[in-house]
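Visitor: Chain by chain, the residues:
2 protein chains.
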Amino acid sequence: MGVKGSEDAAVGSGSEPARFVIANLAPTVDAGRHPIKRVLGDPCPVTADILRDGHDVLAGRIAFRGPGDAAWRYAPLAYDYDTDRWHGSFLPDRLGRWTYTIEAWTDRVATWRRALAARVDAGRDLEADLREGAALLHAAARHAPAAVSATIERAAAALGRADAAPAARAATALRADALPELVARHLPVPDRTRHVDDLVVIVDRERARFAAWYELFPRSSSPVPGRHGTLRDAAERLPAIAALGFDVVYLPPVHPIGRTHRKGPNGAPTAGPDDPGSPWAIGGSAGGHTAIEPALGTLADFDHLVAVAARHGLEIALDFAPHCSPDHPWIREHPDWFVRRADGSLKCAENPPYTFEDIVPVDFWCADRAALWTAWRDVVLFWVAHGVRAFRVDNPHTKPFAFWEWLIAEVTRAHPDVLFLAEAFTRPKTLRALAALGFSQSYTYFIWRTTAAELRAYLTDLTRGEFAEFLRPAFFPTTPDVLHAYLQTGGRAAFRVRLLLAATLSPLYGIYSGYELCEGIPLRPGGEEYLDSEKFQLRQRDYDAAGNLNDDLRALNGLRRRHRALQRVDNVAFHDAGAEQLLWYSKRGDAPEETLLVVVNLDPHQTRESMVEVPLDLLGLGEDATFEVEDLLSGERYAWRGRRAYVRLDPADRVGQIFRLHAPGAPA
Amino acid sequence: MGVKGSEDAAVGSGSEPARFVIANLAPTVDAGRHPIKRVLGDPCPVTADILRDGHDVLAGRIAFRGPGDAAWRYAPLAYDYDTDRWHGSFLPDRLGRWTYTIEAWTDRVATWRRALAARVDAGRDLEADLREGAALLHAAARHAPAAVSATIERAAAALGRADAAPAARAATALRADALPELVARHLPVPDRTRHVDDLVVIVDRERARFAAWYELFPRSSSPVPGRHGTLRDAAERLPAIAALGFDVVYLPPVHPIGRTHRKGPNGAPTAGPDDPGSPWAIGGSAGGHTAIEPALGTLADFDHLVAVAARHGLEIALDFAPHCSPDHPWIREHPDWFVRRADGSLKCAENPPYTFEDIVPVDFWCADRAALWTAWRDVVLFWVAHGVRAFRVDNPHTKPFAFWEWLIAEVTRAHPDVLFLAEAFTRPKTLRALAALGFSQSYTYFIWRTTAAELRAYLTDLTRGEFAEFLRPAFFPTTPDVLHAYLQTGGRAAFRVRLLLAATLSPLYGIYSGYELCEGIPLRPGGEEYLDSEKFQLRQRDYDAAGNLNDDLRALNGLRRRHRALQRVDNVAFHDAGAEQLLWYSKRGDAPEETLLVVVNLDPHQTRESMVEVPLDLLGLGEDATFEVEDLLSGERYAWRGRRAYVRLDPADRVGQIFRLHAPGAPA
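Chains as they are written, first to last, in my numbering: chain D, 1 to 668; chain P, 1 to 668.
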């Protein structure tokens with residue numbers, strides 16, 4: 001039984017009760033309510049308890065099918081005696097949502113052979129078992145094709161020969177040959193039981209897990225000072241961004257920006273005639289979410305941008321923000337889609353006491369809900385049709401969970417290569433819930449984890465336990481909304497530190513343009529808003545200005561592509577750094593020579609040195625091993641011996657090192 | 001959404017998606033698949049996560065109903081900001097299965113007041129909020145009875161008075177008076193959402209958790225040597241058993257015993273004409289599971305036994321063993337209910353290489369399954385009608401889980417005071433599964449946990465974590481099948497030790513008659529079968545024989561009844577005994593003076609002494625407190641001081657002590 005009120009099912013209701021307890025399937029998210037996530041090429045592991053009354057030998061398998069498959073496919077489960085648990089996996093071969101579950105049955109052949117063997121060992125009478133075995137074989141033969149049937153019938157006859165010695169007949173039956181498997185393949189399985197619930201795994205493309213993102217505002221990309229940049233201007237930047245090793249170029253909203261209540265520089269409540277306003281105040285006379293802000297260009301220009309990106313191995317990610325400016329066409333076309341105050345006026349977005357007059361939220365539960373939700377889905381599909389496969393979702397926690405769950409499933413059913421990144425700067429349980437319901441990736445609290453203790457605790461939290469199954473953390477050291485105090489006071493070294501951390505601690509990371517120029521001036525001291533935020537004005541930059549971090553970016557993005565240990569998040573472990581300001585961690589590879597060791601000086605002002613503890617076991621080395629390591633950032637080599645190694649980091653020179661075994665020393 | 005494929009439900013399917021995420025309800029068993037268990041009088045706690053998009057203030061409540069209730073009842077949930085979790089409980093007021101779940105909604109009144117307060121604090125314009133508040137109040141007034149409506153309307157009017165200062169109107173609105181609650185009570189709640197799954201709690205009578213069991217074979221109870229005892233003879237024993245402080249008298253099967261393949265003394269394959277056979281070989285010419293073995297008497301004699309028990313505050317528990325001897329009437333009447341070998345002969349019970357020729361298992365999955373299962377249910381109901389409210393189930397792990405889940409639910413639906421005790425000497429996961437699917441109580445591995453380390457680990461395992469919600473452990477130091485080596489070699493002291501442990505570590509414990517006479521001779525050295533086991537022959541005893549443990553039984557059963565700390569299993573903690581052979585633990589009471597401290601010398605041969613560590617915090621005492629404790633077993637008092645106390649236990653004299661604060665000393 002797998003259903004509540006199973007007592008009703010047991011007698012007389014027509015629904016047969018379950019003969020097996022199939023339980024505690026893992027891994028799961030919320031007991032199977034939400035899907036786990038994998039990347040194409042990952043096996044999908046399944047473990048479960050399978051219980052039945054009595055002592056018979058059981059068997060189990062995974063039943064699975066991919067999107068659009070009519071028939072189930074099967075993968076074996078193996079039993080671990082020590083843990084009394086069943087283990088297996090299957091390998092999805094295409095993107096999308098795969099459904100799977102467990103089937104269990106009694107292995108009558110193995111049960112019979114085990115009983116026979118036990119009675120042989122105990123010197124008991126064997127006739128009954130031999131007759132029973134013959135009956136099983138006859139039953140199998142009846143369901144086998146002719147040639148096989150003949151083979152099995154001969155074995156059955158031999159078993160049943162009353163004139164042959166029981167011991168000899170038993171010995172033949174217990175021989176480890178092909179017969180048992182042959183019999184099992186054709187013997188009917190009357191009690192095969194499928195677990196009542198299906199599980200789902202979302203199989204995504206590789207960039208779901210491993211990608212470097214670069215965020216830029218196209219309107220700042222004109223080479224002409226003071227001129228509003230266009231999508232074509234932005235296209236000109238792509239080769240350089242690709243050369244730095246990025247994969248995804250993420251654009252804040254590219255749609256028409258409303259005029260009513262447009263904000264001025266630094267969020268001023270009114271804008272001058274030339275102030276561009278916030279890209280998130282979406283919608284104006286030129287259109288809404290499926291239009292391009294005229295100052296940026298045309299839809300053809302967008303297609304051009306996408307094409308240039310593709311030529312350079314990049315993809316364009318768009319911002320998806322399902323709200324409207326007061327000038328959005330839908331306000332006129334669908335007035336009932338919006339929340340109104342008691343006096344009938346439109347209600348602005350707010351988080352009391354703050355009001356955001358340039359944004360009007362939609363009423364996701366209005367009477368015309370179905371049309372509204374469908375309209376948002378169609379916005380996303382519109383951009384998918386124009387070549388977009390990744391959407392960074394603005395403030396998802398202010399829109400209903402049910403909406404996101406539906407939207408993501410709808411879009412990915414037709415386009416399983418589309419990714420959704422949640423800007424989930426919200427409470428932990430909400431952040432988690434968004435990931436669980438389907439967001440492919442998620443912003444995290446990385447920005448606010450700056451000390452060694454905070455980073456150790458947070459990374460451990462993210463990578464151990466359940467999160468690894470469904471939450472892919474994206475590490476952005478800044479966003480247009482958040483400039484952390486650490487970067488405000490730490491200077492260039494601080495920017496190098498946070499970049500090194502982000503790029504090595506998560507396979508999914510990104511920067512917001514200007515980061516490489518160490519832009520770190522806040523609007524107010526101690527606040528997190530940028531001075532002269534690009535949200536409200538153009539920020540034209542010389543990306544080759546002195547002090548830029550382009551070398552760091554090139555180096556780190558290159559290392560990430562060459563070293564698989566940096567392409568997963570769940571292989572980090574922290575080791576004793578010997579000093580509070582140093583962070584010292586390993587990224588475990590499939591083999592010792594693929595494991596990387598990273599040391600970072602979190603103090604952007606002072607040199608720090610320490611004897612760090614080397615995790616010799618991860619490197620396959622013994623206690624007194626002598627070995628050589630290479631710092632992949634500088635190329636330098638060091639001779640190390642044993643469990644302690646000396647590191648010294650002067651932030652004026654370097655903020656960290658990434659070590660790899662150069663030549664293994666004394667054997668373990 | 002609480003359903004798989006919720007994307008289908010979201011748009012156009014007619015089923016409204018959920019506006020809230022209501023998740024992680026606790027406590028649960030297997031994510032709600034199985035019920036938790038409580039005893040009448042216990043509150044049923046419920047905690048949950050309630051999430052919604054945005055920042056509005058939420059509210060929640062528990063919806064619950066008892067067996068047969070048509071309408072839901074409600075209990076409040078309170079929100080804990082620190083854990084972002086909701087907490088509440090409800091109090092079931094009768095036995096049976098109670099259903100409950102969580103409802104959540106937006107608290108529009110609290111949301112409005114919080115926004116208003118935030119804008120007042122920030123010095124913002126208040127008119128919009130005041131108008132909105134007036135609109136809310138008007139809406140509430142429209143749904144309130146006349147007198148209340150008038151009150152609310154007056155407040156609404158005051159709020160909306162444009163000629164009064166906003167600050168004053170806001171202050172009035174934010175006053176902590178009765179108005180908010182009044183408004184909330186009548187304001188329609190359009191988004192109240194119920195969690196999609198119900199949870200179930202089984203509310204049992206107190207003896208489910210707290211009872212002392214005494215197992216006896218009525219056939220051994222004749223005062224005349226060699227004469228087969230009767231139920232009337234057994235009734236004569238009840239006063240003495242009651243005087244010892246027991247609650248439940250458990251009888252092995254009292255039904256006719258089969259003749260075919262009847263076992264002789266010590267399990268001999270054949271029985272002599274006077275050998276009584278195993279009571280578990282149920283069924284003969286005199287009937288089956290609803291008949292009484294003629295040598296024991298009649299059904300009227302059984303009724304007499306039950307009546308005598310009731311007069312002495314005892315109840316009779318029967319053994320329920322749904323299998324048959326080869327002579328059971330059902331073999332003739334329902335031949336299709338039984339498993340047959342390939343040659344058509346009845347298949348005996350077996351656990352290869354062992355065969356139990358006196359027992360024939362039924363085929364729980366035969367074609368006539370419904371009639372078979374119903375027949376077993378009717379057996380149980382037959383005995384319920386004859387006054388039995390507790391069944392000790394033999395070898396439940398050899399009958400289908402689905403059968404037990406159905407049977408227990410069926411019987412307890414009509415008779416919620418019936419208890420089922422699982423003799424679950426099987427693998428851990430199977431033992432757990434039987435408890436989860438509905439067995440009220442469970443045998444455990446207590447018998448085999450004899451060292452201090454084993455006991456600490458096992459009791460911690462049983463009492464922390466999930467087991468406390470659904471598994472009630474029964475501690476029997478022996479059963480007719482199991483005589484542990486510790487008792488074979490430890491002599492009288494060993495019996496005293498195991499009794500003290502069982503009686504204090506679990507509120508549910510029992511002994512098998514003869515235990516109090518320290519019967520400890522095995523059939524084979526190192527084996528666990530008794531010599532001359534009462535399973536196969538009469539064992540007539542002088543229960544007042546020298547060396548009996550009746551004083552221990554009286555004392556322990558009396559202490560258990562007087563001290564609430566001994567009436568629950570989840571309040572044990574182990575403390576440093578200072579010596580490997582001593583076990584030292586507390587049973588925490590509701591107040592320090594109700595807490596008990598138990599020390600046991602597990603060595604039955606040697607005196608042991610030690611300085612034990614006193615858990616001063618549990619006693620509400622400070623580091624240097626001087627205090628007096630009383631040993632409730634001996635009446636002796638001791639003056640203790642601080643964190644260490646001296647104990648010395650000579651097994652020839654005493655095997656343990658149970659301390660309680662006599663007079664609290666220096667204040668904490």
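Derived by calculation from the structure, the hints in this document are not laboratory data. Fair warning: there could be bad hints in the mix.
To be verified - Taking lysine to any residue and the SDA-like style, the derived pairs with C-alpha atoms no more than 20 Å apart in a straight line are:
| hint | chain 1 | residue 1 | chain 2 | residue 2 |
| --- | --- | --- | --- | --- |
| 1 | D | Lys429 | P | Trp105 |
| 2 | P | Lys347 | D | Ala135 |
| 3 | P | Lys347 | D | Asp56 |
| 4 | P | Lys347 | D | Val57 |
| 5 | P | Lys429 | D | Asp125 |
| 6 | P | Lys347 | D | Asp125 |
| 7 | P | Lys429 | D | Val57 |
| 8 | P | Lys347 | P | Glu357 |
| 9 | P | Lys429 | P | Glu466 |
| 10 | D | Lys347 | P | Ala118 |
| 11 | D | Lys347 | D | Asp378 |
| 12 | P | Lys429 | D | Asn24 |
| 13 | D | Lys347 | P | Lys429 |
| 14 | P | Lys429 | D | Glu132 |
| 15 | P | Lys347 | D | Asp274 |
| 16 | D | Lys429 | P | Tyr81 |
Visitor: Below or equal to 20 Å on CA atoms is what counts here, so check lysine 429 of chain P against asparagine 24 of chain D.
Guide: Since the Cα atoms of lysine 429 of chain P and asparagine 24 of chain D sit roughly 11 Å apart, the hinted pair holds (cutoff 20 Å).
Visitor: Please work out if lysine 347 of chain D and alanine 118 of chain P have their alpha carbons no farther apart than 20 Å.
Guide: Roughly 17 Å separates the two Cα atoms, so the pair holds.
Visitor: Decide if the proposed pair is consistent with the structure: lysine 347 of chain P and aspartate 125 of chain D, CA atoms, cutoff 20 Å inclusive.
Guide: holds, 15 Å
Visitor: Given the hint that lysine 347 of chain P pairs with aspartate 274 of chain D, test it: the Cα-Cα distance must not exceed 20 Å.
Guide: violated, 93 Å
Visitor: Holds or violated: lysine 347 of chain P with glutamate 357 of chain P, Cα cutoff 20 Å?
Guide: holds, 9 Å
Visitor: Do the alpha carbons of lysine 429 of chain D and tyrosine 81 of chain P lie within 20 Å of each other, as the hint requires?
Guide: holds, 12 Å
Visitor: Starting from lysine 429 of chain P, check that the Cα of glutamate 132 of chain D is at most 20 Å away, please.
Guide: Distance of about 30 Å is beyond 20 Å: violated.
Visitor: Is the hinted pair lysine 429 of chain P and aspartate 125 of chain D satisfied, with a Cα-Cα distance of at most 20 Å?
Guide: violated, 33 Å
Visitor: Would you mind confirming whether the straight-line C-alpha gap from lysine 429 of chain D to tryptophan 105 of chain P stays at or under 20 Å?
Guide: Measuring from Cα to Cα gives roughly 18 Å; hence the hint holds.
Visitor: Regarding the pair lysine 347 of chain D and aspartate 378 of chain D, is the alpha-carbon distance no greater than 20 Å?
Guide: violated, 25 Å
Visitor: Taking 20 Å as the top limit, are the C-alpha atoms of lysine 347 of chain D and lysine 429 of chain P close enough?
Guide: The given pair, whose Cα atoms are some 56 Å apart, is violated under the 20 Å limit.
Visitor: Taking 20 Å as the top limit, are the C-alpha atoms of lysine 347 of chain P and alanine 135 of chain D close enough?
Guide: holds, 14 Å
When each numbered hint is compared with the structure, violations occur for hints 5, 11, 13, 14, 15.
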